[in-house]
Amino acid sequence: GGEEAEYLADQGIDFEVVPGVSSAYAVPAYAGIPVTQRGHTSTVAFITGHEDDTKDDSDIDWAHISTGAGTLVFLMGVRNLELIVKNLIEYGRPPETPVAVIRWGTTPQQQTVVGTLSDIVDKVREAALTPPAITVVGEVVRLREKLNWFEKKPLFGKTILVTRARPQASQLVEKLSQRGAQVIEFPTIKIVPPSSFGEMDQAIQDMARYDWVIFSSVNGVESFFQRLRELGRDVRELKGIKIAVVGPKTREKIEDMGIKVDLMPQEYRAEQILSELEKYGIEGKRFLIPRAKMARDLVPVELAGRGAEVDVVTAYETVMDDTPAQEVVELLQEGKVDIVTFTSSSTVKNFVHKLRGFDLTQFLNKVRIVCIGPITAQTAQGLGLSVHKTAEVYTIEGLIEAIV
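Counted from 1, the sequence shown has number 68 at position 68 by the numbering used here; the numbering is strictly sequential.
Any given hint could turn out to be false.
[Stated by the list, open to error] Here are the computed lysine to aspartate or glutamate pairs in the DMTMM-like style, where the Cα-Cα straight-line distance is at most 25 Å: (1) K86 to E96; (2) K175 to D359; (3) K285 to D201; (4) K123 to E82; (5) K152 to E401; (6) K293 to E230; (7) K260 to E230; (8) K249 to D234; (9) K239 to E151; (10) K293 to E237; (11) K249 to E397; (12) K249 to E267; (13) K336 to E401; (14) K349 to E330; (15) K336 to E151; (16) K239 to D311; (17) K293 to E317; (18) K285 to D262; (19) K285 to E271; (20) K239 to E185; (21) K175 to E222; (22) K366 to E327; (23) K349 to E271; (24) K260 to E237; (25) K293 to E327; (26) K123 to E96; (27) K249 to D297; (28) K336 to D359; (29) K366 to E309; (30) K260 to D206; (31) K389 to E401.
Calculated directly from the structure, the hints in this document are not laboratory data.
Treat the numbers as computed from the prediction; the structure is a model and nothing was measured.
When you get a sec, could you build the whole thing from the sequences and use the hints?
Following this line, the structure appears as structure tokens:
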């Protein structure tokens, strides 16, 4: 603001002002209150509600302000709300004038208290509403009943913990935020290259011998094709080889590179891919499975048992993320987390490990746990966690549906 700019100028420091959207009208808009509206008022005044404490007299011309504009917006005025209301009524504003006080506007913690000049002080006190907040006075406050869009979002007021690896979490975080949630990222896993590329390099060198490549995750796709490029090769190495994937995001990643996916099971889990592969014939076929170092062996074991030749190579490793747990522990202790999401068995195991030494039963007593699929849910239950819901479709979109 101007005070900061003035101080910098006094110190001989160059500065630049980057104009933005003022909270004076952004916050009311998020509470469903336009500061001006045809048919209601075309005038608005913005007033600092918290003046310089060292001044003897107020700079506010209450006689003019009280009735001089249709809408009055007071910034930083919660502590002086009683004085503001007293002056407005004293200088001619009707006691029944609608008032809204909006705390933490435009954020998932937004809280709005609505009343009139005659009762707003009591209502704010009852709601224990504290700064920072903006106060809106005027008939436009009545429009909130019809235009309150933000606080009606399905996940508004919910705090959701996302435990997915940070690079993969962005889509989930964005979609939850769009639905009004406050999202806290607490990555419990991190995707890193394998300690050795020996197995994968050999498989790439012998690519022509395979009939199928099975990808079970986007991470596997990214790691495999990155290594392919690093070895000076490209997608032509996959000529004549069929591609199978477990889920739609993995399929999308493959097809973005111009490669056709031959098989994706209707149910996005490894067990289902086996029955689908039977339609093509398994016995005598050669399969390459690039995957995480630590993963379930169901598919390769079953394929081998049905007469296939299977090479499992480590495309990446899943390790524990080093994000400190203290902030999350405090939030859980204070009961400020509503939902915890798990997108893989690894996220569950590492979450429990990072919070070892604490009573998870007590922490998660009032927290809903939502898992992306039955395998993840089984892992959570096996570690003593109570799973409230499992996604019916084993994707990020399915997880969000389960949450909402």
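Hints and how they fare:
1. The straight-line distance between the Cα atoms of K86 and E96 is roughly 13 Å, inside the 25 Å bound, and the hint therefore holds.
2. A hinted pair counts as satisfied when its Cα atoms are at most 25 Å apart, and K175 with D359 does not qualify at roughly 31 Å.
3. A hinted pair counts as satisfied when its Cα atoms are at most 25 Å apart, and K285 with D201 qualifies at roughly 21 Å.
4. Pair hint K123 plus E82 holds up; C-alpha atoms about 12 Å apart against a cutoff of 25 Å.
5. Taken as a hint, the K152 and E401 pair is honoured in the structure, with Cα atoms around 17 Å apart against an allowance of 25 Å.
6. For the suggested pair K293 and E230, the alpha carbons sit about 20 Å apart, so the restraint of at most 25 Å is met.
7. The straight-line distance between the Cα atoms of K260 and E230 is roughly 22 Å, inside the 25 Å bound, and the hint therefore holds.
8. Among the hinted pairs, K249 with D234 is consistent with the structure: their alpha-carbon atoms are about 21 Å apart, no more than 25 Å.
9. Distance hint between K239 and E151 is unfulfilled; the C-alpha atoms sit about 53 Å from each other, more than 25 Å.
10. With a CA separation close to 23 Å, the supplied pair K293 and E237 stays within the 25 Å bound.
11. Taking the CA atoms of K249 and E397, the gap is about 10 Å. The hint holds against a cut of 25 Å.
12. With a C-alpha separation of about 13 Å, the suggested pairing of K249 with E267 holds against the 25 Å cut-off.
13. A hinted pair counts as satisfied when its Cα atoms are at most 25 Å apart, and K336 with E401 qualifies at roughly 22 Å.
14. Restraint check for K349 and E330: satisfied, since their Cα atoms lie roughly 20 Å apart, inside the 25 Å limit.
15. Only pairs whose Cα atoms come within 25 Å are accepted, and K336 paired with E151 is accepted, the gap being roughly 18 Å.
16. Between K239 and D311 the alpha-carbon distance is near 18 Å, which keeps this suggested pair within the 25 Å criterion.
17. Restraint check for K293 and E317: the C-alpha separation of about 5 Å stays at or below 25 Å, so the hint holds.
18. Taken as a hint, the K285 and D262 pair is honoured in the structure, with Cα atoms around 15 Å apart against an allowance of 25 Å.
19. Straight-line distance between C-alpha atoms of K285 and E271 comes to about 18 Å, which keeps the hinted pair within the 25 Å bound.
20. A C-alpha spacing of about 41 Å is found between K239 and E185, which places the hinted pair above 25 Å, so the restraint is violated.
21. Of the supplied pair hints, the one linking K175 and E222 holds, its CA atoms being roughly 23 Å apart against a limit of 25 Å.
22. Of the pairs offered as hints, the one joining K366 and E327 holds, with about 18 Å between alpha carbons and a cut-off of 25 Å not exceeded.
23. With a CA separation close to 22 Å, the supplied pair K349 and E271 stays within the 25 Å bound.
24. For the suggested pair K260 and E237, the alpha carbons sit about 14 Å apart, so the restraint of at most 25 Å is met.
25. Taking the CA atoms of K293 and E327, the gap is near 30 Å; set against the 25 Å cutoff, the hint is violated.
26. A distance of roughly 14 Å separates the Cα atoms of K123 and E96; the hinted pair therefore holds under the 25 Å criterion.
27. The hinted pair formed by K249 and D297 meets the criterion: a straight-line CA distance of about 22 Å does not exceed 25 Å.
28. In summary, the hint linking K336 to D359 is supported, as the alpha carbons are separated by about 16 Å, within the 25 Å threshold.
29. For the hint linking K366 to E309, the alpha-carbon distance of about 48 Å lies beyond 25 Å, and the restraint is violated.
30. The hinted pair formed by K260 and D206 meets the criterion: a straight-line CA distance of about 21 Å does not exceed 25 Å.
31. Our distance criterion of 25 Å between C-alpha atoms is met by K389 and E401, whose separation comes to about 10 Å.
Hint compliance for this structure: hints 2, 9, 20, 25, 29 are broken, all remaining hints hold.
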